[in-house]
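Novice: Just so you know, the sequence shown maps onto residues 0 to 663 in numbering that gives the first Met the number 0.
These are computed hints drawn from the structure, not numbers from a lab. Bear in mind the structure is a predicted one, so any value in this text is a computation, not a measurement. Cβ coordinates follow ideal geometry from the N, Cα and C atoms, glycine included. Heads up, some of the hints might be wrong.
[As the list claims (entries may be wrong)] In silico DMTMM-like links for lysine to aspartate or glutamate, alpha-carbon gap of 20 Å or less:
#, residue 1, residue 2
1, 171, 142
2, 568, 618
3, 303, 215
4, 253, 242
5, 303, 256
6, 308, 374
7, 172, 129
8, 172, 215
9, 303, 129
10, 303, 200
11, 547, 486
12, 586, 601
13, 172, 72
14, 303, 374
15, 586, 618
16, 586, 100
17, 620, 79
18, 586, 546
[What the hints assert, rightly or not] Pairwise CB distance ranges, derived in the manner of DEER restraints:
#, residue 1, residue 2, range
19, 474, 525, 18 to 26 Å
20, 96, 307, 32 to 40 Å
21, 601, 274, 35 to 43 Å
22, 433, 565, 38 to 46 Å
23, 244, 428, 57 to 65 Å
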Amino acid sequence: MSDLLLISLLRAVVPTFWLTRMYRQGLAVGATLLLLLGLLPNARAQVLDDSTKNRYGARTTFIIREADVLRQDTVGRMIDTTLTRLPQVRYWVHDSTFYQDLGNFGTAARPLLWQPNLELGARLGRNVFDRYTRNSATIPYYDTRSPYTFFRFNQGNPYEQVFELSYTRSLKKAFNVGFAYERFGANKALAVSNTRSSQVEHSNFLLFVRYQSPNDRYHMVANLNTSRHRAVEQGGIQPLASDTLENGRTDLSKLFEYQREVVNLTNALNRDDRDEFRLTHTYRLLGRGLTVYHTFDWRRQQNKYVDTKLESPGGTPLFYPQFLVSNVATDDRTTMRQVENTVGLMGRTAAVEYRLYGRQRYLTLTDQYRQGSTEGVEVTAFNIDTLQLFVGGTAAFSYRQFAIETAGELKPSAQLDQTEYWLRGAARLGPLVGELLLNSYSPTLTQQRFSGNHYAWDNTGATAFRNTNVQQLRVSISQQLGGQYLEASGTAARIGNLVYYNQYGVPAQADSTNNQQLFIAALRHRFHVGHFYFDNQATYTAGAGEDKALRIPALVAESRIYYQGYVFKRALFGQVGMQTYFQSRWKAYNYSPSTQQFYLQDYFTIRNTPLVDVFLSADIKTLSIFLKMAYINQFLPQSGYYTTPYYTGLPRRFQFGIRWQFFN
């Protein structure tokens, strides 16, 4: 591929303003130069067989993750070239679980369904932008026989945009290096005259390397991961007098004017900056039976909230609960730095696998704000400096269709009630799996202390929260029966001393005598009839209703039906179909932009409106494309839907995208 051809391709698929932004940042320029170097003729590793067909492709490009290295599995898995996930927006980011967000792509989000927490010890607790950031512990490394280039561009006109470019190549068998550059964002849908007005901008640069010694005794994976996330906060729609019913309540059906609506915040911005370097390496002492390993992880996260236009008619704050520092502007920031070292032993045979480790974590946190204005005096509210130790391990045994696995981690404490741990045991017999989880963990650092212009609390010392305790039992079965696949599970969880954000937006702890009981049933069924394919999944949750500290929609379901097959003498493989998403009515969490937390509310119920999309996907050798009309059922039965109180989801729109993979 020539330089001019590559530049023409980028100009054809990427809007000019995107290229301008990438040039200004400089990262994409460096990435493109490195890509061009890899694609120049003298850098190619193309080998042709006797039939003059290229031997390189998806079957010669494998993904290896850190978890595979820690299991001494260096074979890896073939890259994903399927079309199934291509048009689904929740797979455009790095966490594909179901989330509650603020209605637009890239905005603050929280997991919709129940997830137990397995991260012990000190942790920041600012997670609303986690799903948009790569996890350094799970990024893919590669084993390639030829240079591999991945490119994708998705556009939801005129809102969502995603651009990603990655390149990797192996230097002989032992060494592989690569990079990935990603940029995505969203334009405003509410209270804006120009739909090109930016609401979310995210950029991520990743540099990764993998090495294995010629004798296969030493293995190393390392990556440098940086991300910058910028989200304009609008505070939700502000109802007007014309939106009020005779009984004084707001007519929510009148708040779907999108661009013509009025929002609460006009000059507020959240920033989430993260940097991380992670290295894991292993050395076999006595073959696979005894291997020593070490993981080094350094990370920095800074969260900053700025609002330069605070409105307080008559001296009363219009949106925020109070002004603690300044009634002119808000400038709150928190910076966390953390270093972890993990050292352990592991081994693996055909039937037995084990891993034992100890980890040391050193963490510092600084909480600051500015008085007067964003140019005012910077004040340090408090500092946290802590050193923590952890021990843990896994052990597994398998024989034919039977397997048993145990895993756990412990953070000891001089006070027994502050000891943190998680312990999980699982047994498998054929397709049937039973799992028991016992868990106790402390509140996050943000739940313990916070100081800003609109909120301040200190839940340490005599008023410190107790550990949250979880006991969970899960039974699941998964079975392939001919052309049908069935996966079902049932979960019972007991949650005690849950720490949450109450109706005032501040941390609170559930009464120790009022444990929350969850009962969860999940089902997924895939099958096909001829060329018609059906994929249906649903999760039903009981025990997380309106009067609980933890709230979850009773039913969350997704259904896909599509026709797939080859056309044009098998030159093109395509899918055409429909996807439906449904969640039952519930009192969704409200959102506080200044603390970056979702909290309980009792005044707003989100209706159970289904969302229907139609799509067309096609695969032409290494090029994949999709066309999609999202939310085609708008106006049936209403003009829109809500994701969070007074935050509307995006209206009907056209989406398209391409994915291009080069193997030489």
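Novice: Verify the proposed pairing of residue 172 with residue 129, using a straight-line Cα cut of 20 Å.
Specialist: violated, 34 Å
Novice: Against the 20 Å threshold, does the CA-CA distance of residue 547 and residue 486 hold or violate the hint?
Specialist: Given pair residue 547, residue 486 is violated - Cα atoms ~29 Å apart, limit 20 Å.
Novice: Hint check: residue 586 vs residue 618, CA-CA at most 20 Å. Holds or violated?
Specialist: violated, 41 Å
Novice: Given the hinted pair residue 620 and residue 79, is their Cα-Cα distance within 20 Å?
Specialist: Given that 20 Å is the threshold and the Cα spacing comes to 13 Å, the pair holds.
Novice: Quick one, are residue 253 and residue 242 close enough, alpha carbons at most 20 Å?
Specialist: Roughly 6 Å separates the two Cα atoms, so the pair holds.
Novice: For residue 303 and residue 374, compute the direct alpha-carbon distance and say whether it is at most 20 Å.
Specialist: Judged against 20 Å, a Cα distance of about 14 Å means the pair holds.
Novice: For the pair we were handed, residue 171 and residue 142, check the Cα-Cα distance against 20 Å.
Specialist: Given pair residue 171, residue 142 holds - Cα atoms ~10 Å apart, limit 20 Å.
Novice: Taking 32 to 40 Å as the stated bounds, is the beta-carbon spacing between residue 96 and residue 307 within them?
Specialist: Holds, at about 35 Å.
Novice: Holds or violated: residue 586 with residue 546, Cα cutoff 20 Å?
Specialist: Cα-Cα ~10 Å, so holds.
Novice: Does residue 100 lie within 20 Å of residue 586 when you go C-alpha to C-alpha?
Specialist: It holds: about 14 Å lies between the C-alpha atoms, which stays within 20 Å.
Novice: Taking 20 Å as the top limit, are the C-alpha atoms of residue 308 and residue 374 close enough?
Specialist: OK: residue 308 and residue 374 at ~14 Å, within 20 Å.
Novice: Holds or violated: residue 172 and residue 72, Cα atoms, limit 20 Å.
Specialist: Holds. Residue 172 to residue 72 sits at ~16 Å (cutoff 20 Å).
Comparing the model with each numbered hint stated earlier shows that hints 3, 5, 7, 11, 15 do not hold.
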